[in-house]
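Required output: the full structure, derived from the provided sequences and hints.
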Amino acid sequence: MTIAAKRWLPHTVAAAGLLVLLYPLAWLVATSLKPADEVVTSLDLWPGRFEWSNYTTALEGVSGVSVTRLLGNSMLIAVGAVIGNVVSCSLAAYAFARLRFRMRKAMFAFMIATLMLPHHVVLIPQYIVFNQLGMVDTYWPLVLPKFLATEAFFVFLVVQFMRGLPRELEESARIDGCGPFRTYWEIILPLSRPALITTAIFTFIWTWNDFFTQMIYLFAPENATITLALRSFVDQSSTSAFGPMFAMSVISVLPIVLFFFVFQRYLVQGMATSGLKG
Amino acid sequence: MPRPRNGRRPHPTRRTVLAAAAAGLGTALAAPLSACSPGNGGGRGAVLTFSWWGNDDRAARTEKAVRLFEREHPGVTVRVSNAEFGSYLQKLTTQAAGGGIPDVAQLDYRQISQYAGSGALLPLGGAVRDKTIRTAEMDGEFLRTGTFDDEQYALPMGRGITGYAYDSAVYGKAGIPTPRPSWTWSDWADANRRIAALGLKSPDGRTVTGSNDGGGNEDVFENWLRSRGGSLYDGQTRLGYTEDDLTEFWTFCDRLRKEGAIAAARDTTQANSTETSPMGRGLAAADYTWDAPYPGYSDLLGASTRFGPVPTAGGRAGTYFKPSMLLGVGAHTRHPEEAARLVDFLLNDQRAGDILGFTRSTPGNRAIAARVATTLTDAEREIYRYAEAMEEYGLDAPPAAPPRGDLAIQTAFKRNYERVMFGLATPRHAARELIDAANRELRP
Amino acid sequence: MSALSTKDPAGAARPADRRPPARARRRTREQQWPAYVFLTPWMIGAGVLTLGPMAVSLYLSFTDYNLFDPPRWIGLRNYTEMLTEDPRYWRSVGTTLLFVVVAVPLKLALALGAAMLLKNLSRGRAFYRSAFYAPSLLGASMSIALVWKALFNDGGTVADVLGAVGIPTGGWVGNPDLAVYAVVLLTVWQFGAPMVIFLAGLQQIPPDLYEASALDGAGPWRRFRSITVPMLSPVVFFNLVLETIQSFQVFTPAFAISGGDGGPADGTMFYTLYLYERGFTASHMGYAAAMAWLLLLAIGVITVILFRTSRSWVFYADEGGR
Numbered sequence: 000m001t002i003a004a005k006r007w008l009p010h011t012v013a014a015a016g017l018l019v020l021l022y023p024l025a026w027l028v029a030t031s032l033k034p035a036d037e038v039v040t041s042l043d044l045w046p047g048r049f050e051w052s053n054y055t056t057a058l059e060g061v062s063g064v065s066v067t068r069l070l071g072n073s074m075l076i077a078v079g080a081v082i083g084n085v086v087s088c089s090l091a092a093y094a095f096a097r098l099r100f101r102m103r104k105a106m107f108a109f110m111i112a113t114l115m116l117p118h119h120v121v122l123i124p125q126y127i128v129f130n131q132l133g134m135v136d137t138y139w140p141l142v143l144p145k146f147l148a149t150e151a152f153f154v155f156l157v158v159q160f161m162r163g164l165p166r167e168l169e170e171s172a173r174i175d176g177c178g179p180f181r182t183y184w185e186i187i188l189p190l191s192r193p194a195l196i197t198t199a200i201f202t203f204i205w206t207w208n209d210f211f212t213q214m215i216y217l218f219a220p221e222n223a224t225i226t227l228a229l230r231s232f233v234d235q236s237s238t239s240a241f242g243p244m245f246a247m248s249v250i251s252v253l254p255i256v257l258f259f260f261v262f263q264r265y266l267v268q269g270m271a272t273s274g275l276k277g
Numbered sequence: 000m001p002r003p004r005n006g007r008r009p010h011p012t013r014r015t016v017l018a019a020a021a022a023g024l025g026t027a028l029a030a031p032l033s034a035c036s037p038g039n040g041g042g043r044g045a046v047l048t049f050s051w052w053g054n055d056d057r058a059a060r061t062e063k064a065v066r067l068f069e070r071e072h073p074g075v076t077v078r079v080s081n082a083e084f085g086s087y088l089q090k091l092t093t094q095a096a097g098g099g100i101p102d103v104a105q106l107d108y109r110q111i112s113q114y115a116g117s118g119a120l121l122p123l124g125g126a127v128r129d130k131t132i133r134t135a136e137m138d139g140e141f142l143r144t145g146t147f148d149d150e151q152y153a154l155p156m157g158r159g160i161t162g163y164a165y166d167s168a169v170y171g172k173a174g175i176p177t178p179r180p181s182w183t184w185s186d187w188a189d190a191n192r193r194i195a196a197l198g199l200k201s202p203d204g205r206t207v208t209g210s211n212d213g214g215g216n217e218d219v220f221e222n223w224l225r226s227r228g229g230s231l232y233d234g235q236t237r238l239g240y241t242e243d244d245l246t247e248f249w250t251f252c253d254r255l256r257k258e259g260a261i262a263a264a265r266d267t268t269q270a271n272s273t274e275t276s277p278m279g280r281g282l283a284a285a286d287y288t289w290d291a292p293y294p295g296y297s298d299l300l301g302a303s304t305r306f307g308p309v310p311t312a313g314g315r316a317g318t319y320f321k322p323s324m325l326l327g328v329g330a331h332t333r334h335p336e337e338a339a340r341l342v343d344f345l346l347n348d349q350r351a352g353d354i355l356g357f358t359r360s361t362p363g364n365r366a367i368a369a370r371v372a373t374t375l376t377d378a379e380r381e382i383y384r385y386a387e388a389m390e391e392y393g394l395d396a397p398p399a400a401p402p403r404g405d406l407a408i409q410t411a412f413k414r415n416y417e418r419v420m421f422g423l424a425t426p427r428h429a430a431r432e433l434i435d436a437a438n439r440e441l442r443p
Numbered sequence: 000m001s002a003l004s005t006k007d008p009a010g011a012a013r014p015a016d017r018r019p020p021a022r023a024r025r026r027t028r029e030q031q032w033p034a035y036v037f038l039t040p041w042m043i044g045a046g047v048l049t050l051g052p053m054a055v056s057l058y059l060s061f062t063d064y065n066l067f068d069p070p071r072w073i074g075l076r077n078y079t080e081m082l083t084e085d086p087r088y089w090r091s092v093g094t095t096l097l098f099v100v101v102a103v104p105l106k107l108a109l110a111l112g113a114a115m116l117l118k119n120l121s122r123g124r125a126f127y128r129s130a131f132y133a134p135s136l137l138g139a140s141m142s143i144a145l146v147w148k149a150l151f152n153d154g155g156t157v158a159d160v161l162g163a164v165g166i167p168t169g170g171w172v173g174n175p176d177l178a179v180y181a182v183v184l185l186t187v188w189q190f191g192a193p194m195v196i197f198l199a200g201l202q203q204i205p206p207d208l209y210e211a212s213a214l215d216g217a218g219p220w221r222r223f224r225s226i227t228v229p230m231l232s233p234v235v236f237f238n239l240v241l242e243t244i245q246s247f248q249v250f251t252p253a254f255a256i257s258g259g260d261g262g263p264a265d266g267t268m269f270y271t272l273y274l275y276e277r278g279f280t281a282s283h284m285g286y287a288a289a290m291a292w293l294l295l296l297a298i299g300v301i302t303v304i305l306f307r308t309s310r311s312w313v314f315y316a317d318e319g320g321r
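Just so you know, the protein sequences line up as chains A, B and C, in that order. Every letter in the first sequence is one number past the one before it in numbering that gives the first Met the number 0, and letter 168, counting from 1, is 167. Every letter in the second sequence is one number past the one before it in numbering that gives the first Met the number 0, and letter 153, counting from 1, is 152. Every letter in the third sequence is one number past the one before it in numbering that gives the first Met the number 0, and letter 86, counting from 1, is 85.
Just so you know, the hints here were simulated from the structure itself, not pulled from any lab data. Don't be surprised by glycine CBs; every beta carbon is placed ideally from N, CA and C. Hints are supplied without guarantee of correctness; some may be wrong.
[Said to hold, decoys possible] Heads up, simulated EDC-like pairs for lysine to aspartate or glutamate below, C-alpha to C-alpha not over 20 angstroms straight-line:
1. B:Lys63 <-> A:Glu59
2. B:Lys413 <-> C:Glu29
3. A:Lys104 <-> C:Glu29
4. B:Lys63 <-> A:Glu221
[To be verified] Pulled from the structure, derived: some chain B residues nowhere near chain A, Cβ distances all over 10 angstroms:
5. Arg179
6. Asp189
7. His334
8. Gly356
9. Thr374
Set out below in structure tokens:
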């Protein structure tokens with residue numbers, strides 16, 4: 000293999016892979032700009048005629064609720080969930096990773112087991128709990144569980160990361176007279192930033208896309224999220240709604256894309272170090 | 000790779016930001032809590048919750064009708080909620096299991112027995128008798144569709160009827176006479192064969208078939224069964240047909256498909272909307288469908304599209320007026336009186352009727368239906384006329400609501416026929432499996 | 000790589016220090032109440048929102064519960080019916096296993112390949128990394144399910160391209176044998192997370208190992224076999240465990256692509272989808288609960304087996320060290 004080939008081959012493969020990988024996304028954006036008849040009949044990626052009105056229709060919103068309101072609701076829930084998960088998972092993870100206490104093994108095993116249970120079967124018991132608390136049709140059922148570290152995946156992630164931090168940190172903190180609380184706040188937490196940022200990004204994306212829980216707990220149209228709105232858009236049976244539906248799809252994923260581009264370098268850094276700190 | 004930054008940051012920043020965020024968030028999350036908590040909304044008034052499924056057009060009109068109701072009933076506030084059908088079913092089930100359904104809920108025919116039989120719905124017989132809910136303008140037999148064990152639990156909002164969207168140009172080319180209300184299943188089979196024999200080419204180069212394959216559609220089977228004097232259910236607890244009936248029906252469809260007279264298996268399984276149906280894709284000349292979605296066909300496929308009758312057996316029609324949706328009152332409602340009034344208003348108020356139009360199929364109230372019908376044009380007018388013509392021709396009375404378990408049987412029906420289509424089971428074998436599965440679902 | 004050198008899942012929280020028992024006991028006493036303070040939110044959540052509902056679902060698995068009427072105790076009947084009388088249960092097990100066996104290796108292979116490719120890029124690495132990650136970002140969204148359906152339908156791009164090169168598959172979504180692969184590809188397409196983890200693992204392999212090996216005359220394939228594979232094995236293991244657990248619970252992509260019914264002809268009827276159908280469409284929540292507990296058990300067993308076998312093929316650089 001010549002030197003030039005060696006340099007260019009990876010780039011060629013990467014570029015080719017990129018085309019295949021991003022084709023579905025390009026298709027989504029292209030279709031959102033096509034007029035209704037082209038959506039059904041034309042296989043060309045490039046729209047024959049740009050139908051910008053798909054976006055104006057989508058922007059009108061659903062059930063008299065504006066898209067800005069829907070996006071705002073989604074944002075509120077997602078941000079609440081991010082704060083909740085970061086705070087509660089880091090607290091629990093610190094205890095599991097760095098402190099000794101009775102029942103630690105049993106509690107940890109239980110937490111891991113919850114990862115393996117399909118969540119559909121606990122849906123109704125959980126609904127009963129939130130209904131008893133009068134929280135149905137508020138955002139509490141969507142956000143409160145995050146403040147209670149119910150997402151074992153993230154606790155596990157942060158535990159794995161914290162375990163990789165050197166022991167000596169706490170030793171010296173103890174000598175300086177720091178208790179567990181100050182050690183957590185001043186030493187462990189700042190060092191765990193990559194894992195916490197990973198938690199934040201994943202929580203944001205997953206909460207944003209979590210149609211199921213939102214569908215069960217939200218009632219009033221003005222409390223609806225963009226994900227719910229997209230779903231009711233899909234139900235429109237008339238042909239003319241195809242373009243706007245894909246326009247709505249693009250609008251619904253846009254915030255995730257923006258969020259990712261702002262935080263992506265931390266994500267990679269966080270993920271890379273989370274499971275692997277040596 | 001960005002360089003890992005493990006250095007400590009000054010805490011005041013982090014602390015302040017977190018505190019501010021938490022405070023802001025707390026306020027924001029609490030807002031919907033105080034503004035929208037269900038039940039009594041303070042003061043003297045009653046707050047009713049009303050949920051239903053459907054699209055945006057229906058949403059806008061329902062909202063408008065409900066606001067009119069509020070104006071006429073000072074002190075009553077109605078909170079509406081809508082979702083897409085699949086989500087709606089799941090949501091209502093969760094609510095029923097977890098503490099009660101909304102005060103007023105739109106229900107599917109298939110839900111009535113389940114909800115009524117387990118006490119999730121308020122019996123409405125009393126409200127009907129004391130005329131809080133007026134039924135004078137409704138057909139008595141049609142009202143029976145909302146009953147369980149002879150008690151009225153829900154009232155039909157609109158009525159739908161099955162029919163047959165077909166391309167009259169292709170029918171003309173094949174020399175098939177315009178389908179009349181008395182045409183038979185064997186006429187239909189011949190028509191399909193003749194169309195396939197024309198050898199017309201679809202956009203993707205395959206031969207155009209006569210029709211979609213309704214073998215997996217429980218509604219088609221029901222029409223077929225009723226036209227032969229049978230019924231899906233015997234009362235509200237038992238299956239009304241046998242393994243032989245079903246085997247015969249599935250063999251009939253299976254044979255036509257194998258001959259190439261009706262749509263291929265893969266085109267049937269892919270169909271989930273007008274656009275993706277064999278007819279919508281130009282692969283078939285007709286599609287068995289309901290009246291409400293028909294205008295979508297004529298929009299998509301143009302002026303030669305017509306709405307014809309479902310085939311009969313020797314002239315006996317198997318189709319009937321089926322409630323497209325019903326309205327019921329939740330058993331846990333704190334305002335049964337107001338809830339019943341809202342039901343009555345949506346069903347019988349003339350202005351509400353004008354606002355709602357045909358968004359929930361032909362209104363059950365005859366006076367309103369006739370009044371709104373005068374405003375219809377084109378395809379909507381065609382389906383209204385079709386329903387009138389079928390009524391004149393003579394249809395049997397609709398059955399009472401199907402038993403609980405019907406929803407599972409319907410999906411099993413589709414699935415088992417799919418196994419036939421792809422050669423995974425013979426019609427006989429699949430029919431036996433379906434009967435077994437159905438009897439399990441119907442087990443008390 | 001100490002974080003990965005765990006032998007059993009339950010012991011994963013074991014702090015790294017190993018001290019004389021007396022000191023450890025003192026430490027336990029000292030840290031007891033602060034630990035519980037840190038765990039308070041988790042314990043409330045676990046008790047009210049997880050343990051309670053889990054206990055309820057365990058109880059329901061021994062009952063006939065239709066969601067509307069009070070549950071009726073029927074002992075083990077749900078379990079025996081599932082294991083002995085329900086052919087669809089076993090078909091869903093088969094479909095799920097097929098999915099796991101195809102999707103997990105494919106996704107990990109693609110993730111590893113992409114990571115090695117990225118490592119060899121002289122420039123544009125950050126760009127490609129983000130771009131390769133984009134599918135994982137959007138994959139769970141409803142919108143992508145719509146796109147996927149359109150692409151894999153009859154007359155969609157995939158069928159057309161394959162038809163043009165002489166492989167007439169027709170639409171995948173409407174074909175009971177192929178629909179499952181549309182779901183597989185949707186899952187594999189989202190290989191971003193394991194890719195990033197692999198990439199990090201690759202970058203931690205000391206370059207001098209490769210240099211020494213190259214001096215010994217080893218070709219690229221031998222270097223891969225004798226250096227990359229063993230050095231990367233903890234990361235492979237980590238990805239394997241997580242992906243396997245997730246794949247057994249695959250729900251959303253199949254639900255979205257099949258329109259919720261696991262069709263056609265049960266072609267995409269995965270375990271969790273069948274569980275959902277039993278619980279919500281057919282209103283047999285007791286049966287669904289029993290299914291959930293058997294799945295929990297099965298995933299648990301498989302995870303333990305994975306941890307056991309890992310002893311023979313996962314190489315820890317710090318084994319016995321510290």
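Where does the structure disagree with the numbered hints, that is, which hint numbers, in rising order? Those not satisfied come down to hint 2.
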